[in-house]
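Based on the provided sequences and hints, a complete structural model is requested.
Following this note's numbering, the numbering of the sequence shown begins with 22 at its first residue and continues without gaps.
I should point out that these hints are in silico values taken from the structure, not numbers from a laboratory.
Hints may be right or wrong, so weigh each one.
Beta-carbon label-pair distances, calculated as ranges [to be verified]:
(1) V125 x E52: 43 to 49 angstroms
(2) E90 x C137: 23 to 29 angstroms
(3) R38 x V151: 35 to 41 angstroms
(4) V125 x G65: 42 to 48 angstroms
(5) Q124 x A41: 27 to 33 angstroms
(6) R38 x R154: 34 to 40 angstroms
(7) A102 x L36: 26 to 32 angstroms
(8) G33 x F161: 33 to 39 angstroms
(9) A141 x T94: 29 to 35 angstroms
Using N, Cα and C, we set each Cβ at its ideal position, and we do this for glycine too.
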Amino acid sequence: VVLDSRLRLPPGSQLARTAATVPTWVLTAGEPEGMKRRLLEDLGVKVIPVAADGAGHVDPAAALTALGEAGLTRLLVEAGAAVNGALLGAGLVDRLAWFRGGQVIGADGLAAVAACRVDALEGAPAFTLVEERGAGPDRFALYNKKE
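Listed below in structure tokens is the structure:
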């Protein structure tokens, strides 16, 4: 499953070219251009238009609703900071698996989570630690959403 607000996935990409054998769904904001959509669908990509958020990106709640209606009710999300922040900010994360390494990059590195649209600490997404252990030289922590 790919979130692609403007349907920029190239039809020549490996992801699109293997869609006939590896199910590939692309959720896009609004109604995508017809020719590009047809090219992707001809390759086996399932293109699903959903509502956009205020910034023109795929609305996370609309995306998960569309996936649920299509029969996908559980997701493992490995994403960048923007998608992570959008899902957390919308309260759509039930379980959080967090891996940490022993290197400190600081502000020069890439954020794991972008803004969650939280005005006060009380409104921040909250989780309870369920498990923590070593993972080679790194640490793994599993959290469940606080009810």
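A quick look at each hint next to the structure:
A hinted range of 43 to 49 angstroms for the beta carbons of V125 and E52 is consistent with their spacing of about 45 angstroms. Taking 23 to 29 angstroms as the suggested C-beta distance range, the pair E90 and C137 conforms, at roughly 26 angstroms. The given range of 35 to 41 angstroms is respected by R38 and V151, whose C-beta atoms sit roughly 39 angstroms from each other. One distance hint, 42 to 48 angstroms for the beta-carbon pair V125 and G65, holds here, with the actual separation near 43 angstroms.
Checking the proposed 27 to 33 angstroms range against Q124 and A41 shows it is violated: the Cβ atoms sit about 40 angstroms from each other. As the Cβ distance of R38 to R154 is approximately 39 angstroms, the hint placing it in 34 to 40 angstroms holds. A hinted range of 26 to 32 angstroms is violated for the C-beta pair A102 and L36, which are about 21 angstroms apart. A C-beta distance of roughly 37 angstroms is found between G33 and F161, which places it inside the suggested range of 33 to 39 angstroms.
Distance hint for A141 and T94: a CB-CB separation of about 32 angstroms, consistent with the stated range 29 to 35 angstroms.
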